[in-house]
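*Asks:* Chain residues, written in single-letter form:
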Amino acid sequence: MNKPLRRIAIFCGLLVLALLIRDNWIQYVQADELRTDKNNRRVIIERYASPRGDIIVDGKPITGSAETPGSDFKFKRTYKDGAMWAPVTGYASQAFGASQIENIEDGILTGNDDRLFFRNTLDMLTGKKQQGGNVVTTLNAAAQKAAYNGLKRQGGKGAVAALDPSTGKILALASYPSYDPSSFAGNSTSKDGGAWSKLQKKNNPNDPMLNRALRETYPPGSTFKVVTAAAALEDGKYTSADAKTDSPDPWTMTGTNTELPNEGNIPCKNATLRVALQYSCNTVFGKIGADLGNDKMLDMAKKFGFDEEHFTPVRANASVFSDDMNPSQTALSSIGQFNTAATPLQMAMVASAVANDGKLMKPYMVDELQSPGVDPIAKTDPEELSQPLSPENAQILQSMMETVVDKGTGSNAKIDGVKVGGKTGTAQHGVDNSENPYAWFISYAKGDDGSSPVAVAVVVEDDNAVRDDISGGGLAAPIARNVMEAVINSKK
Amino acid sequence: MSGTNTSHSPTHHTSTIGAIGAPSRRNTELALLVFAVVIPVFAYANVGLALHDSVPPGLLSYGLGLGLLAGVGHLAVRKFAPYADPLMLPLATLLNGLGLVIIWRLDQSEKLQASKQFVEAAPRQLLYSAMGVALLVVVLIFLKDHRVLQRYTYISMAGALFLLILPLVPGLGANIYGAKIWIKIPGLGTLQPGEFAKIVLAVFFAGYLMVKRDALALASRRFMGLYLPRGRDLGPILVVWAISILILVFETDLGTSLLFFGMFIIMLYVATERTSWIVFGLLMSAVGAVGVASFEPHIQTRVQAWLDPAREFALSRAGVQDGVVHSEQAMQALWAFGSGGTLGTGLGQGNSDLIGFAANSDFILATFGEELGLAGVMAIMLLYGLIVERGVRTALAARDPFGKLLAIGLSGAFALQVFVVAGGVMGLIPLTGMTLPFVAYGGSSVIANWALIGILLRISDTARRPAPAPAANPDAEMTQVVRPS
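Chains as they are written, first to last, in the numbering used here: chain Z, 1 to 492; chain C, 1 to 485.
Since the hints were made in silico from the structure, they are not lab data. It cannot be assumed that every hint is accurate.
Below, a list of computed lysine to any residue pairs in the SDA-like style, where the Cα atoms sit at most 25 Å apart [said to hold, decoys possible]: (1) 38/Z with 173/C; (2) 111/C with 68/Z; (3) 128/Z with 184/C; (4) 79/C with 110/C; (5) 191/Z with 50/C; (6) 111/C with 3/Z; (7) 111/C with 271/Z; (8) 116/C with 3/Z; (9) 74/Z with 31/C; (10) 3/Z with 215/C; (11) 116/C with 134/C.
Restraint-style ranges between C-beta atoms, simulated for each label pair [claimed, not checked]: (12) 70/Z with 236/C: 22 to 30 Å; (13) 379/C with 203/Z: 37 to 45 Å; (14) 222/C with 30/Z: 41 to 49 Å; (15) 53/C with 313/Z: 32 to 40 Å; (16) 78/C with 24/Z: 37 to 45 Å; (17) 131/C with 115/Z: 23 to 31 Å.
Cβ atoms here follow ideal geometry from the backbone N, Cα and C, with glycine treated the same way.
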């Protein structure tokens with residue numbers, strides 16, 4: 001009987017071998033896939049197992065952590081001025097996952113990032129609990145406060161984006177109405193679930209969780225004329241701010257019988273670029289757009305960052321300038337109507353490129369990632385995105401925009417002792433322009449040495465305001481001024 | 001070993017070597033037992049430090065308890081089966097000890113404590129282990145020779161059938177998560193008669209096959225290189241097959257059914273040395289399994305959960321009500337293994353309690369996987385492999401056919417059980433409700449498996465025991481070699 005016994009022994013060996021192979025398959029080959037499966041609760045348990053690292057503005061954390069007893073999620077996120085900072089931080093909720101910086105830098109904040117591996121190993125050996133690292137942002141607390149409070153005072157929906165033109169650092173990023181991510185950071189069905197559901201668009205038409213500064217595109221209206229002016233200068237169609245342009249008023253759009261109207265009785269006939277920008281002449285810039293054509297306008301818009309998503313690292317929606325328009329559509333698009341649509345960040349990029357002598361810097365909001373011991377792990381270096389304008393043309397455009405603030409529609413943005421350039425915009429929307437227009441203002445401030453510390457874009461959509469009251473200069477410019485002032489004062 | 005045999009027959013010459021040489025290896029066993037106790041004690045302390053930052057207060061009593069069990073087992077073996085295999089007792093003790101540690105670790109889980117069915121399992125398991133070792137001692141004391149069991153061949157058959165039918169008795173059986181393999185004893189808890197039936201059946205099969213093996217080995221004709229058994233000899237295998245199918249249908253338990261049929265095929269093959277029986281057996285189990293699965297929704301669900309655990313997880317989460325119990329456990333177990341990775345999270349630091357129900361019994365291997373990692377599970381598998389290997393070696397060494405058959409039946413069944421449970425939890429085969437021997441929480445399983453080890457120890461003791469030493473042989477002087485000088 002010994003021969004079959006030996007065979008049975010081999011058979012039993014094969015059974016054990018099959019188990020060993022299978023074990024290697026699930027614990028080695030497939031281990032990472034299983035460990036990080038989105039339904040595997042360990043992923044969130046681990047995310048909340050230790051206090052998350054902080055998101056830092058101006059050296060101070062704008063986040064915190066609180067222990068949550070009676071749950072397998074040990075800590076929950078807390079926020080200081082959550083509603084104000086929500087467009088920057090996003091949220092980290094035990095029940096609803098994470099978004100924006102909280103999501104993108106989750107590895108650093110939880111301490112699970114590979115770059116912290118050595119440190120974690122060391123901690124493990126010395127018996128210390130794993131800690132999360134910090135995310136240091138580029139934001140400016142004073143500017144953010146000015147932006148958020150300005151929007152809040154206004155009361156309508158709106159957004160602000162402010163940049164440091166020379167580096168691309170995002171200084172302010174506000175959206176209103178906003179939400180407090182603390183309200184649903186936990187895991188309780190009644191409290192956190194209730195707060196979450198109240199914030200959803202279907203339950204709240206104001207859509208407070210929409211990050212308007214990055215994720216909403218608006219027709220930029222007259223603020224887009226800065227791009228059109230840049231295209232005219234770069235093309236060489238006009239080489240000076242003060243030369244007469246070839247601009248009939250009224251102007252019938254190319255290929256149509258429709259006249260493009262100006263708002264009110266303004267001196268637009270053959271106006272110089274400076275005057276045309278000062279009074280916001282539709283006829284002048286509409287004709288420039290039609291004359292340059294779709295391709296050249298598109299080319300300039302793209303150089304300013306249109307038609308692509310930007311990762312700050314939080315994704316900003318792509319702003320739109322279409323590529324298949326006839327001359328009259330191009331004319332309308334060139335004054336920021338028709339299909340043209342831009343995020344507030346995009347229009348801040350336009351202002352910042354002009355202010356930075358024509359050089360557009362890549363916008364970013366994460367300055368540095370730090371280990372739990374606040375050693376830097378990674379630092380973001382400023383990066384040039386494109387050069388839409390030559391320095392000479394940029395300076396011509398600057399002087400035009402400064403005239404807008406000094407003598408034109410943007411006078412509400414004046415700051416004593418500081419040179420400010422800007423452009424107002426009042427964008428119509430809705431079928432037959434039936435809905436309330438958006439009030440826009442883009443601007444930059446200049447220091448004594450000619451460099452610019454801040455460029456800003458403000459948009460306000462005000463359902464309640466009287467229609468006539470809405471104009472970029474009236475609603476948006478004061479907010480832009482406060483933001484710029486806050487940045488300048490904080491540099492002093 | 002009676003000293004009364006004073007035969008002077010020269011045929012005993014050959015065995016004198018054995019009488020002097022055969023070491024009992026009892027001290028080896030003792031040394032290994034020290035490791036088998038110390039390792040779980042360290043693991044226990046490790047869990048306490050990881051969970052509560054302190055050495056668990058029960059460490060001393062746990063260590064003493066496990067040490068006492070090992071000591072009693074060892075002394076019983078030393079006294080009543082001195083030539084028994086030295087590895088089996090330490091291996092079983094180590095597995096039992098590690099199982100206790102993991103069960104205690106899962107007792108500490110707040111998530112499991114919140115469940116309605118929660119009971120503190122570790123103290124009970126320790127009690128069951130004590131009962132198991134007691135049964136081992138009883139086996140060693142009263143079963144002086146395993147061949148005695150041969151006398152009870154047909155009583156064993158009746159007993160096994162009785163045990164198998166018990167869970168189907170109305171009012172006694174309990175349906176737990178779809179499988180009806182438990183009986184409820186009021187005030188005492190539940191019992192899995194199948195675990196004991198395994199041993200009793202092995203006794204019956206061994207006794208029956210030893211008598212019939214010559215007849216069963218007769219071939220009628222050759223077909224495709226196989227000697228086909230005679231038609232009338234197919235009777236026994238058909239009966240066992242039918243019983244297995246009945247278990248599958250009425251107790252809806254694929255594991256038990258597979259275990260019994262597999263054990264029978266292994267023993268039949270060893271008894272007859274006819275490969276054709278294996279072919280027949282495989283064909284019949286395939287037909288049976290597929291046939292029953294075609295109409296039994298419980299089995300179908302298990303197969304679906306095996307093929308696509310993620311879908312089953314989603315169905316369970318969505319609370320789909322379609323007449324069968326959808327369980328997320330298969331997926332949860334896989335996540336536990338995957339999250340453990342190569343080295344594991346460390347004892348006490350995993351989240352295998354997410355498995356919920358039966359985390360400390362049917363699914364206990366997943367906790368090993370998560371907290372001790374690939375390395376730990378491979379070690380556990382090798383420990384089981386070693387037990388099986390010692391069992392097969394016992395079968396090889398046994399001098400009587402009944403002992404050979406019984407040893408291979410028990411170790412084969414043990415191997416199959418480990419394969420079915422571990423394979424099920426790791427998603428290699430569909431999941432069936434069975435317990436991992438020695439490790440999983442469950443009184444029936446622990447007690448029955450200690451008894452199984454007891455019988456194997458007895459067979460190996462008989463096998464390795466030297467033949468009685470002859471008295472001084474007067475012939476020896478005459479056989480002295482006289483060297484010519």
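*Asks:* Hints broken by the structure, by number, lowest first?
*Replies:* Hints 1, 3, 4, 5, 6, 7, 8, 9, 11, 12, 13, 17 not satisfied by this model.
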